[in-house]
Amino acid sequence: MSDKLSSAQPAQSPVFYGVFDLKQVAHMSGLELLQAILDGKQPAPPIARTLNYRLTEISTGRAVFTGTPSLDHYNPIGTVHGGYVATLLDSAMGCAVHTTLPAGQGYTTLEFKVNFVRPVLDTTGELRAEGVVIHAGKRTATAESRLLDGAGKLYAHATTTCLILG
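At position 92 of the sequence shown the residue is numbered 676 (my numbering), and the sequence of numbers has no breaks.
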């Protein structure tokens, strides 16, 4: 498929969750695989159901996830747990890297760093994690992500380094 796969609007297909058969998707590039998830042709990861977030946009070197935090995501001090924020940011960065990979290649996160700018609450509303590739090399890739509310207010930002496999 072409690098021009993109979806600025959420998929109209119903979301289903699960783990895909690696043999079934081995011929797909990272962009093709993520587009298939967005289109409802491949399952979204189970963690997306657990944390109430989803892939909403994908293009080469870019991935966007949206999620709405709730009281279910609170820590004992009365804010959304940092792990929720980190998961959205990590998903956006990792999937942005994945869009640059050909069939037969994968990646794993070597490290990521999150900067929390302000607390996330159950009243914050929908958040948007926008991940963008900074560098896509043969052995490593780097990316960054920002977590924004509907008004464009920054809640956190992050960077990652990924190891390219395959």
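Rather than coming from a laboratory, the hints here were simulated on the basis of the structure. You may find that some hints are simply not true.
Here are the simulated PhoX-like cross-link-like pairs (lysine-lysine), alpha carbons at most 25 Å apart as the crow flies [unchecked claim]:
#, residue 1, residue 2
1, LYS722, LYS607
2, LYS722, LYS697
3, LYS737, LYS697
None of the values given here were measured: they were computed from a predicted structure.
Verification of the hints:
1. Of the pairs offered as hints, the one joining LYS722 and LYS607 holds, with about 23 Å between alpha carbons and a cut-off of 25 Å not exceeded.
2. Among the hinted pairs, LYS722 with LYS697 is consistent with the structure: their alpha-carbon atoms are about 22 Å apart, no more than 25 Å.
3. Taking the CA atoms of LYS737 and LYS697, the gap is about 20 Å. The hint holds against a cut of 25 Å.
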